[in-house]
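Undergrad: These are the residues of each chain, in order.
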Amino acid sequence: MTRPRVLHLDWTACAGHGQCAELLPELLRRDELGYPLAVDGGPTRDLVVPPELAAHAERAVSGCPRLALRLINRRD
Amino acid sequence: MTGTLASSDAPLGSLASVRVVPGRLLAAAAPDLDSHVARNGVLPYDLGTGPLVAEVEAAGLTGRGGAAFPTWRKLLAAAHGQRTVVIANAAESEPASAKDATLLASAPHLVLDGLQLAAAAINAQEAYLYAKDGPALVLAQRALVERQARGVDRTRVRVVVAPPRFVAGEETAVLAGIEGRDALPRDKARLVVEFGLRGRPTLVHNAETLAQLALIARHGARWFREAGTAGEPGTFLATVSSPGTGPVVVEMPYGTPLGELLGLAGLSGPVGAVLVGGYHGGWVPANPGLSLPVSRAALAAWDAAPGAGVVFALPPTACGLDTAARILAYLAEQSARQCAPCFTGLPRLASVAAALAAAGHPGNPGRLAPAGQRALSLPDPALPGELSRLSALVSGRGACHHPDGSVRMLRTALGTFAGDVQAHLDGYCLAGRSHR
Chain A
839 MTRPRVLHLD
849 WTACAGHGQC
859 AELLPELLRR
869 DELGYPLAVD
879 GGPTRDLVVP
889 PELAAHAERA
899 VSGCPRLALR
909 LINRRD
Chain B
28 MTGTLASSDA
38 PLGSLASVRV
48 VPGRLLAAAA
58 PDLDSHVARN
68 GVLPYDLGTG
78 PLVAEVEAAG
88 LTGRGGAAFP
98 TWRKLLAAAH
108 GQRTVVIANA
118 AESEPASAKD
128 ATLLASAPHL
138 VLDGLQLAAA
148 AINAQEAYLY
158 AKDGPALVLA
168 QRALVERQAR
178 GVDRTRVRVV
188 VAPPRFVAGE
198 ETAVLAGIEG
208 RDALPRDKAR
218 LVVEFGLRGR
228 PTLVHNAETL
238 AQLALIARHG
248 ARWFREAGTA
258 GEPGTFLATV
268 SSPGTGPVVV
278 EMPYGTPLGE
288 LLGLAGLSGP
298 VGAVLVGGYH
308 GGWVPANPGL
318 SLPVSRAALA
328 AWDAAPGAGV
338 VFALPPTACG
348 LDTAARILAY
358 LAEQSARQCA
368 PCFTGLPRLA
378 SVAAALAAAG
388 HPGNPGRLAP
398 AGQRALSLPD
408 PALPGELSRL
418 SALVSGRGAC
428 HHPDGSVRML
438 RTALGTFAGD
448 VQAHLDGYCL
458 AGRSHR
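Read top to bottom, the protein sequences are chains A and B.
So the first sequence is numbered by this note's numbering: it starts at 839 and just counts up by one.
So the second sequence is numbered by this note's numbering: it starts at 28 and just counts up by one.
It is possible that some hints are incorrect.
[Said to hold, decoys possible] Label-pair restraints from in silico Cβ distances:
no., chain 1, residue 1, chain 2, residue 2, range
1, A, 854, B, 453, 54 to 62 Å
2, A, 910, B, 390, 48 to 56 Å
3, B, 122, A, 910, 51 to 59 Å
4, A, 854, B, 76, 42 to 50 Å
5, A, 901, B, 177, 56 to 64 Å
6, A, 901, B, 152, 17 to 25 Å
7, A, 851, B, 187, 49 to 57 Å
[To be verified] Per the computed footprint, the stretches of chain A lying under chain B, defined by three or more beta-carbons under 8 Å from a beta-carbon of chain B, are:
no., region
8, 850-864
9, 874-880
In short, the hints are calculated from the structure, not lab data.
In this text, a Cβ means the ideal position worked out from N, Cα and C, and glycines have one as well.
Use the sequences and the hints to build the structure in full.
TA: This is the structure in structure tokens:
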């Protein structure tokens, strides 16, 4: 099984708890209302996860109280 | 060649007038099954998946619903699935668009042929026509009854009525609507072509795309490429309007200059700017916009795209910022309200845009004013910066691209009407003045 490389955010589930930004600050920060924002200024939907952050991304996925995150293998 | 749709018993009062380019979609129109077959030939059912997909790939057909995705790739991806589904999307939730309704009303058998061909290609046992209530749907249902009576359709087609909400035509909203839920976009962790209607591999095709497919299956890729450009082959249906005129549906090859498209639609009079691609499209100034080819390649430089062919021409006497603010207010109101950045951000963005629009028309009671605010006596110079800041908080965040498209419309308005932005901050408007 290939290792997932993209962190997908389900915006219909997100409630701005901010656990993801705390667990993965290299990729995510929070806006003024508490919702996640991609640190690189790009879209905050499908974030490429570099291999060295894979474990942290997995922790962010399990840490989300709304189950709004998942790691996927996306080919566009 | 101009004319209204010809059918003695069809309820046509509200349909757009139609201009026809001979030999393509609108010329293939027919009022019933027999005349459709006489004009266009029988449905070429038995091409086989491989040859059909190859022909569609060679033709270079891309989606006509706005996203312009290569049609052959969607067909191929779904062809490998089990218990597949095909959906003809004629929701046409863009208020300024009339091309799918026109097509469905005048050439329903072409759309339904395309639906059958796509179903056959992916061995789908279920097919749907998803369309708004109205005269076009009545005519499409009449065509379906004819086909059922004569045993034409191999895959049974169910009709589902699409609600008139702006987001109801989005691919995943279509799925929700057919599943009997609210027609709102859903999260897309998995591609619809792999995990769609009730979790099954699903093809969602715009009605026009299916009609084009039905013609390609009959006439071939080479024929299809006789119109359009090498990179963007074929014709497309455009819905053209301006304040007080239209909508007029015109079929044109890709690459046609924008000014020629407006002329063919019968729009005369001076043009200040054009919104290309509908409410999520991009504003281009008349100079050089009118000489730009209508193609993805040419419009990309202006942060615009043909989209689903919706073109709105604004005269120089109308305030572009006011028009953009009104559209943005509508888009904010049409949010599905599922994703916080969209349903909190778009109204804020619309409010600031309304303030900037109103600033150029002090004392004019007809102008859009931000709700609950007193009229500003001096325009706030921070308004444009605030629009940038709020735009960055909206774009790229949300389950669908409603926020992104709304921001693009606003961003291009601020660029195309940059002179008006400056004038509005000084308390007046350029609209109607000779220098622009």
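Undergrad: Confirm or reject each hint.
TA: Hints and how they fare:
no.: 1; hint: A:854 - B:453: 54 to 62 Å; in the structure: violated, 39 Å
no.: 2; hint: A:910 - B:390: 48 to 56 Å; in the structure: holds, 55 Å
no.: 3; hint: B:122 - A:910: 51 to 59 Å; in the structure: violated, 35 Å
no.: 4; hint: A:854 - B:76: 42 to 50 Å; in the structure: holds, 46 Å
no.: 5; hint: A:901 - B:177: 56 to 64 Å; in the structure: holds, 60 Å
no.: 6; hint: A:901 - B:152: 17 to 25 Å; in the structure: violated, 42 Å
no.: 7; hint: A:851 - B:187: 49 to 57 Å; in the structure: violated, 26 Å
no.: 8; hint: 850-864; in the structure: holds (count 5)
no.: 9; hint: 874-880; in the structure: holds (count 4)
In terms of the numbered hints stated before, the structure departs from hints 1, 3, 6, 7, listed from lowest to highest.
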